[in-house]
Every structure is written in C-alpha cells, then in structure tokens.
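Note that the protein sequences, when read in sequence, are chains C and U. Start counting at 1 in the first sequence, then tack on 506, and there's your number in this note's numbering. Start counting at 1 in the second sequence, then tack on 53, and there's your number in this note's numbering.
Calculated from the structure, these hints are not laboratory results. A virtual CB, placed ideally from N, CA and C, is assigned to each residue, including glycine. Please note: incorrect hints may appear among the correct ones.
Claimed, not checked - Listed next, the stretches of chain C that the computed footprint assigns to chain U, with coverage defined by at least 3 CB atoms under 8 Å from CB atoms of chain U:
#1 522-528
#2 653-665
#3 731-743
#4 776-790
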Amino acid sequence: MTPSYLLRRLFYGLLLMLGVVVLNFLLIRLAPGDPAVVIAGEMGGADEALLAAIRADYGLDKPVLTQLGIYIGNVLQGDLGQSFFFNQPVATLIGDRIGPTILLVLCAQVLSILLGVFLGVIAARKPNGVLSGFVSVFATIGYAVPVFWTGIMLIILFASVFPIFPVEGMQSVRLRDAGFMIRALDVAHHLVLPAFTLALIYLAQYARLSRASMLEVLGSDYIRTARAKGASERSVLFKHALRNASLPILTVAGLQFGNLISGALLVETVFNWPGMGRLAFDSILRRDYPTIMGVLFFASAMVVVANLLTDLSYRLADPRLRGKS
Amino acid sequence: MTEATTFKAESPAREAWRMFRRNIPAVAGVIMLTGIVLATLWGTFFYDGNPYEIVWAPHEPPGVTPEFPLGTDYLGRDIFAGLIAGGGPTLAVGAAAAAITMVIGVSLGALAGFYGGWVDNLLMRITEFFQVLPTLLFAMVLVTLFSPTLFTIAMAIGVVSWPQTARLTRAEVMKIKELEYVTAARAIGARNRRIIWTVILPNAAPPLIVSATLTIGVAILFEAGLSFLGLGDPNTMSWGLMIGSNRAYILDAWWPVTFPGLAIFLTVFSVSLIGDGLNDAFNPKLRER
Numbered sequence: 507m508t509p510s511y512l513l514r515r516l517f518y519g520l521l522l523m524l525g526v527v528v529l530n531f532l533l534i535r536l537a538p539g540d541p542a543v544v545i546a547g548e549m550g551g552a553d554e555a556l557l558a559a560i561r562a563d564y565g566l567d568k569p570v571l572t573q574l575g576i577y578i579g580n581v582l583q584g585d586l587g588q589s590f591f592f593n594q595p596v597a598t599l600i601g602d603r604i605g606p607t608i609l610l611v612l613c614a615q616v617l618s619i620l621l622g623v624f625l626g627v628i629a630a631r632k633p634n635g636v637l638s639g640f641v642s643v644f645a646t647i648g649y650a651v652p653v654f655w656t657g658i659m660l661i662i663l664f665a666s667v668f669p670i671f672p673v674e675g676m677q678s679v680r681l682r683d684a685g686f687m688i689r690a691l692d693v694a695h696h697l698v699l700p701a702f703t704l705a706l707i708y709l710a711q712y713a714r715l716s717r718a719s720m721l722e723v724l725g726s727d728y729i730r731t732a733r734a735k736g737a738s739e740r741s742v743l744f745k746h747a748l749r750n751a752s753l754p755i756l757t758v759a760g761l762q763f764g765n766l767i768s769g770a771l772l773v774e775t776v777f778n779w780p781g782m783g784r785l786a787f788d789s790i791l792r793r794d795y796p797t798i799m800g801v802l803f804f805a806s807a808m809v810v811v812a813n814l815l816t817d818l819s820y821r822l823a824d825p826r827l828r829g830k831s
Numbered sequence: 054m055t056e057a058t059t060f061k062a063e064s065p066a067r068e069a070w071r072m073f074r075r076n077i078p079a080v081a082g083v084i085m086l087t088g089i090v091l092a093t094l095w096g097t098f099f100y101d102g103n104p105y106e107i108v109w110a111p112h113e114p115p116g117v118t119p120e121f122p123l124g125t126d127y128l129g130r131d132i133f134a135g136l137i138a139g140g141g142p143t144l145a146v147g148a149a150a151a152a153i154t155m156v157i158g159v160s161l162g163a164l165a166g167f168y169g170g171w172v173d174n175l176l177m178r179i180t181e182f183f184q185v186l187p188t189l190l191f192a193m194v195l196v197t198l199f200s201p202t203l204f205t206i207a208m209a210i211g212v213v214s215w216p217q218t219a220r221l222t223r224a225e226v227m228k229i230k231e232l233e234y235v236t237a238a239r240a241i242g243a244r245n246r247r248i249i250w251t252v253i254l255p256n257a258a259p260p261l262i263v264s265a266t267l268t269i270g271v272a273i274l275f276e277a278g279l280s281f282l283g284l285g286d287p288n289t290m291s292w293g294l295m296i297g298s299n300r301a302y303i304l305d306a307w308w309p310v311t312f313p314g315l316a317i318f319l320t321v322f323s324v325s326l327i328g329d330g331l332n333d334a335f336n337p338k339l340r341e342r
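Chain U with its partners taken away, still in its complex shape (with noise of 0.2 Å):
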C-alpha cells in the first residue's frame, strides 16, 4: 500500500444522517409520517367524500358497502372522509404547538442557563410554577377562556408545555458555556447575543431537535384530548371530535371510535419513531441500551 490510509472527516449532521438512514424503525417512521400527511393533504382528491354529510344509514359496518370502506357514524357520515378531513387540523395544531413550545421554552432556557444568577433564579421559579398546574386541565382554562380556534388550541397547548423544553435547553446551555470554544469566540469580541444564538444553541440542537419531535406526539395527543372533551375548534373535523362524539354508542358500534384512535395512535407512534431514531443518530454511545 502505498498511499496512507485518510479518513475524511464528515460533519456530525451527516453521520447523523447516516445513522438515521440505517435505522429501520425510524425510516418506518418517516414512510408512515409521509404518508399520514400525503393522505390528510391530498385525500380530498382522490376520495371526495364530505365528512359532514349524512350520505348513508347510520352505523353501517365497514366493508359492507364499497362507497363506504370504513363505514358510517352514529349520524350517518362517511367515516373515511372524516379522517381525511380530521387529520389536517390535527396535524397542523400539533405542529403549531409543539413550535410554540420551542420557542418559549428555548429562549427561556437560553436565557437562563447563560446568564444565571437572578435572571436563571427568576425564571427557574416560573418555569417551577408552570410545571405545578396539571397541564391538560390549566389548557382547558384557557381554551374555554379564550374560545377555542386552532390558533388558541395551539397557543394553549404551547404555553403549559414549555417547561420541560426550559429546563432541557437551560442543561444545554450551561454545559456548553463552559467549553473553549465559547471563550474563544468571546475573545473575538463577539457579544452575549451572539454568542447565545450563533456558537451556544447549534451545538445544543442535538437533544432540542429530539424533544422538539417528542414534543409534536404530545401536542397531537393533548389536541386529540381537547376536542375528544368537545373543546377543540367546533367548526373543523378533527379525529379527538369524532371519537368524542361518537363515543356515547360505543357499545351499538365500534369502527366510528376505533379508526379516529388508531389515526392518533398511528401519527403519534410515527413521530415517537422518528425521535427514537434521532436521538439514537445523535448519541451513538447511548445505542446499546
């Protein structure tokens, strides 16, 4: 051999990515995910049923009549349409959430861990206060407060779920301040700002884009909640609406409840994947356990 062996140094994204790739679980999860999305974006266009439409008998089982694959609900409706059209608003809220939840979780965090003193004392103890208000019940305030719409849904959500983000991110950030490469970018002038949002929290993204995943099943599941209570947004189908509704002939039918629920179970189950995935990229050590 004549030439040296080299390696060539490849970015912790990418070994990341690679990782993911081999991943059979979580690439599961990313098919499942994809699809999931595909079907709730684009549904209407190959299967145009309107969910609200009583279009048939009530509680017709599935399979029996083809119109109907999953069949009809206690009123009637297409089931199938239903999910279809539930799953967007679901999805959506969801999203919207877990990013609220992000962003006042990371900057809360941010600021506490890098400054510390009073500032990290102060907000520690409103994150403290935040975590004792049992979540699901203190977002039911709110939404009733506030009416409920997707956009209050949301905000609801985000604003009793920071604290775990918070404390997480603050972890991060303490730990890091302390390496070199956070001096020697201080010696270099830059300012606190700076610092924080360009050498701080890229090298604490790892675990923050873990629990920004986790973080949207929860936010699924927490609006399934609401609106299975009938406190989601009433003027759009949403999967937690359908068993909600349909939940009182539970014993007369099972389909309308049980296909909502594994439309939840099947998405949240999906993003779990993907974050078990993602966390086993980002720290290969941790793979064994």
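In isolation and in its complexed conformation, chain C is listed as follows (with noise of 0.2 Å):
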C-alpha cells in the first residue's frame, strides 16, 4: 500500500463530497418555488425580513455559479446553513447526532458479520446438514422481512412478554447523573434491541454469503495440505480456510454499509434512538431542507470513509494486491 495510492483514494473521496455538495445545491434549486422559502422551510413562518436575510446570506439575487460558489465556500468553512424549525445551526444539530448514529450502525455491522460469519462457517462443514438448510431459509426471510416492522416485533415482545431489555431510547432518565461506568452499561441495554434489529437483516446475508465461499475454498488443495498436516478441525476452519473466503464477505462489508445507514433511519424511529435517523424524519416531517441536506451530506461522508476503510483492510487482508494500485 503506497502513500501515493492512499492519497488518491482521500483525494477521490474528497471529489464524491464536493458531489454531494453540488447536488445538495442542485436539488434544492429543482424544488419548485422559491429557494429562499424552500430553505426557510414550512414551519419556518417565514416573513420578509427572514426571506431577505436568507437571500443575502445564500446570495440568491446573484447568478447561479456565484450561488454554487458561495454555498460551496460555506460547506468548507463547516457551515451548513441553519435550521429555522430548530433554530439551531446544522452543524451543530448533526454535532449532537452523529455518535448515537455512529455507535448504533457499528455494532450492527460488527455483530452481523460476526455472528453471520460464525454461522456460515459452521454450515459449510455440513453443505446437506441442517444448520445448511437453516441458513439458506434464515437469508431468505431475512431478506423479506421489513426492518421496522422486526423492530415494532421485537418490541411487543419485549415490552410485554419479557421485559428485560429497554425498547425506546438511548439512556434511562433515572440514571442521567450516575457514574460513567453506569452511563456506558444503560447505553449498552438500550442498545441491544435496535442494534440486533439491525443486524438481523445482514446477519442472514453474511451467513449464507460466507457458508458459500467457504464451501469454495474448502476445496482446495491448501486445505487439504492443512488437514493432511494434522492441523484440528476448527484450525483448519477458521484459519487456513477463513482467511482465503474473507475477500467476498469484506466486500459486501463494504458495499452493505450505505444499505446498513438507510436501515439505521429506520431503526432510529421505531426505537426513538436519538440519532440522525431520527433527525432526518423530524426535519423531512417539517421540511427543514437545510437539516436534511446536512443529514445527506455527513451519511453519505459515511459511506465514502466506510469504502475507503473497506478497500484498505482488503489491501490488508490480500497479499497480492499491496503493490498494485
């Protein structure tokens, strides 16, 4: 991995930004009406003196490339615009946001590959074996099955057949001023069912993706060295042979996650999880454009540092392809 290559990579994904700031810019300009009462937003309750500031503020009475320049120029000073439904800048607004965000789609994302992965190695060792099958019907209805409707699911039963685990939120109020330690553990517990929900959908994917590289690889000449060695089983199995069948779940890895964040958008609602899920409803709710082009912006910012984090542990993971580019 050259430091040229990682460079072109920053630059390129620095270039998909500046792409989303341009059709930020664009979409609100396609809305039908007035940009400026587009940006003021429905609720905003927008007189003429808010309308002539937004004007002058977004240089509206100036030509359209000026415009584009200065909405640009004011991104890269970490200026988003303001909302006017929560009076609040954006940044700021996003600032609070993102970590809940952040945390929830992590830990789905870990505990989907994890658990997927677990359970597709497993079902290769047995290709006709009912841990197989169970697999490949698990994909399937994990495919079928819509996310915030397993979250509204998983809610009935937790909240009234076994109520062991929070259903809405992020932190009891109760426990607001307790010590950090105790703050991380609640957290924790109203984590569990929103970032299980979550998981659910990518679990069954990664589970049936990786019984079926492994079921490729486990055919090969080098495992059958490993097993002629006397390596033990689970050795050969999550060693030699997962190593080899990573490459294709790492991509999916990859490509899943902006899927994973549109998910989490729903997730955040059904759980009422203080993220920018939720923010993107309230604000399309009130047609705050200014906080949902802001929400558009730092989801997609995660997608592009998701790929580019993706095609360096695939750099990692292979070999063979550290000196190309």
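Need the complex rebuilt from these two chains, each delivered in its own frame; the hints are there to steer you.
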C-alpha cells in the first residue's frame, strides 16, 4: 500500500463529497418554488425580513454559479446553514446526533458480521446438513422482512412478554447523573434491541455469503494439505479457510454500509434512538431542508469513509493486492 | 436397438422452465404471489369493506367478530379491508420502481460495458457517486421535494436503486462482447445499436431477469418503508401506512401492525423464492451450493 495510492483514494473521496454538496445545491433549486422559501421551510413562519436575510446569506440574487460558489465555500468552512425549525446551526444539530448513529451502525455491522460469518462457517462444514438448510431459509426470510416491522415485533415481545430490555431511547432518565461506567452500561442495555434488529437482515446475508465462500475454499488443495499435516478442524476452518474466504465478505460489508445507514434511519425511528435518522425524519416532516441536506451530506460522508476503510482492509487481507493500485 | 439414440435440442429458456417447475420453493413462491396479486385485484369483489370507514369499536381483536376477521385498528377501521386495499398500491409501486431501476441500470450499464473507454469511465464515476448516497435517505429527500404521489415514489425508488443493476449489466456486456457470435454479427454488418439490443442483451438476460425479480422485492420493502415513515401518497391506503399509523398503539393492540407486516413479508418472500428459483434454473452448475 503506497502512500500515493492512499492519497489518490482520499482525493477521490473528497471529490465524491464535493459531488454531494453540488447535488444538495441542485436539489434545493430543482424544488418547485422560491429557493428562499424552500430553505426557510414550511414551519419556519418566514416573514419578508427572514427571506431577505436568507437571500443575502445564500447570495440568491447573484448568478447561479456564484451561488454555488458561495454554498461550497460555506460548507468548506463547516457552515451547513441554519435550521429554521430547530433554530440552531445544522452543523451543531448533526454534531449532537452523529455519535448515537455511528454507535448503532457500527454495533450492528460488527454483530452481523461476527454472528453471520460464524454461522456460515459452521454451516459450510456440512453443505447438506440441517444448519446449512437453516442458513439458506433464514437468509431468504431475512431479506424479505421489513426492518421496521422486525423492530416493532421485538418491541411488542420485549415490552409485554419478556421485559428485560428497554424498548425506547438511549438512556434511562433516572441514571442521567450516575457515574460513567453505569451510564455506558445503560446505553449498551438500550442498544441491544435496535442493534439486533438492524443486524438481523445483514446477519442472514453474511451467513449465506460466507457459507458459499467457505465451500469454494474448502475444496482447494491447501486445505487438504492443512488437514494432512494434522491441523485441528478448528484451525483448518477458522485459520486456513476463513482467511481465504474473507475477501468476498469484506467486499459485501463495504457495499452494505450505505444500506445499513438507510436501515438505521428506520430503526432509529422505531426505537426513538436519538441519532441522525430521527433527525432526518423530524426535519423531513417539517420540510426543514437545510437540516435534511446536512444529514444527506454527513450520511454520504460516512459511506465514503467506510468505502475507504474497506478498500484499505481489503489490501491488508490480501497481500497480492498490495503492490497494485 | 436399431435407432441411434438422439437428443432433442432444447432451447435454454425451455430448459430453465423445466428446472424451475421442479423447484418446489420457487413454485410455492409463484402460487403465493399469484394469490396475493389476485386478492388485491379482486378482493373487493368478495369482501366489500371500506378501509377508510370507521365500522366498529377501536381495537377489536381478530377472530372475535366474524364481520371483521382480522379485527379493527385504533380508529375502528376494518384491518382486512385495509390489507386488500393496501396491496394494490404497494405492488404497483414496487413493480413500477423495479421497471424504472431496470431501464436506467440496463441502459447505462450496457453503454458503459459496450463502448468502454471514456464513456465507461464517466458512467462508472456517476454510478459510484450514486452508490455513496444512502438510498432511503436520498429517496426521502426526493419524495419530499417533489410531493409524494405513487408516480414520484416509484421514480424516487428507481433513481436511487439503479447502480447495482448498472454494474451487473456492465460486467455481463463486457464478458459477452468478446464472444465470437458478436464478432460474427459485426462481420455481417450489424451496427452497434443492433448488436447491443439484439445480440448482447438477450444473451445477458438470465442474470438480469434474476436481478429484476430481486429488485421488485427490494422496491416493495422500500415503498413500505417510505409509507411507514408517512412519506407515501397520503391519498392511498398501503401496508406500510397501516403499520405507521398504528405504531403509537402497539402495546395496546398487536394485530393492526402485525397483519400488514406479514403481508409485506409474504409478498417479498414469495418474490425472492421466485428469484432464487430462476437463479438456480439459469445456472444449473450452482445448484449444489
């Protein structure tokens, strides 16, 4: 992995982000009606003075290209505009919400990959066994269940039948002033159901994928060699085979990240998780465009970063790729 | 034996159909989906209930009153009538969105794969750009900007989901354009457009058909998600909307959210069984896995 390759990838990622900024700009202008009114939002109670201030701020009386320049300049300085519904800068709003979303998405991602790959590897040992059949059926079901509905069903189950996990929010009100460890455990306790809901769909996909990938690898000569030299079954499966079977899993994990964020949006709404998804939902209902555009920007940034990391880990996992660009 | 054993040539489509027919889950999927489609098309013929009308006490559990087999929702509306009325829009938007996805994805993918060079480069950069945007969020933005109707919702879903189809088509076209029969077509003087449409794409059809089927499933889930969030067409009943509007009362009554969710699940499940069956039928070699 050469530094120049890394730089090139970084530059490309920044270019993609610039594209998102331009898209945001275009979307506001494509919306029917006066852009100033669009930016102020329906619930902003926009009077003439506010509209004039927005026009001056965004340079709406200037040519379109100048407007674009002003908009990009503002974003580069970290100014994503002002939310007229929440009456706060968009950057601050998102800053408060991005942490919980990253926590939820990462937990779901780790959970689904670990459990899914484990299931897939075990299932690959007996391609026609019970577990293999279960993995296939489970994967098809997981693909077909609406994620928000799974969440609701889990809420019904855990709120009335087994009340062991909290079904709403991220923190208990009564523990707000407790020590750090207790608060962290409290958040983890609240995280169980949303993270599991989100992980469930992808878990099934990873299980199916890693089973197929493992079956392919388990037929190779070096696995026979490993067995012949007396390596234990566990070592053959998890060390020799899984390493070689992990590349397709990594690729899919990277590609799935965008979908995971979309899923998080629904899961956050169902569980009242105070993240960017809820913010997007609230701001869309109020037609608070600066906030919506800010969320779109940051969510895309998360995907770009995830893609970058996938690319790098791909190179770490496969030495053959390291020299190439 | 006097006659030599002869093998009758079988067209690939016939062979695939023979394979598909033998696949029990796939056939079950077809039967289930047909049932759902028929129920949403002609259900009102046998069961006439107005999904918007308040007909009974709110939160009547299922199976208690025979007139309302699945009970009533938080307003006292008939859930079974809602299921029948809500299926049509959900299925229509799903199918339309999948069609839009395929049209955009196949055209761009075919152009990129066939012409290569700067066309490929440009189109693939655009595809990558669209893959960076979180799909549901982008669709939500589009739907709010252009006011939600069944048409704009289908458009929005199509606009955000084409990149995967484009990549698949590109890969298939790149593979096929090197084959001899394409050279042969060129030798008899066929033009590029004709080669793409009548030589390459028909041969790329099997994976594209499978992908189209799975796209329908994804699009239905998408529509359900949007209506659940309250971003669907406000003038039509849909399964996602039923779940969304009854969400606040789930701890008082489980049935108003459970049945529409089951309907979505069964629809997408049958679509994906069909998709898996088609995949197996087109790729007999993959079947052992």
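- For the segment 653-665 of chain C, do three or more residues have a beta carbon lying closer than 8 Å to a beta carbon of chain U? holds (count 8)
- With a Cβ-Cβ cutoff of 8 Å, does the segment 522-528 of chain C contain at least three residues near chain U? It holds: at least three residues are needed, and the segment 522-528 of chain C offers 3 whose Cβ sits within less than 8 Å of chain U.
- Message: Please verify the coverage claim for the segment 776-790 of chain C: does it have three or more residues whose C-beta sits within 8 Å of some C-beta in chain U?
- Response: holds (count 4)
- Task: Check, residue by residue, whether the segment 731-743 of chain C contains three or more positions whose beta-carbon lies closer than 8 Å to a beta-carbon of chain U, and give the verdict.
- Result: violated (count 0)
The structure shown violates just one earlier hint, number 3.
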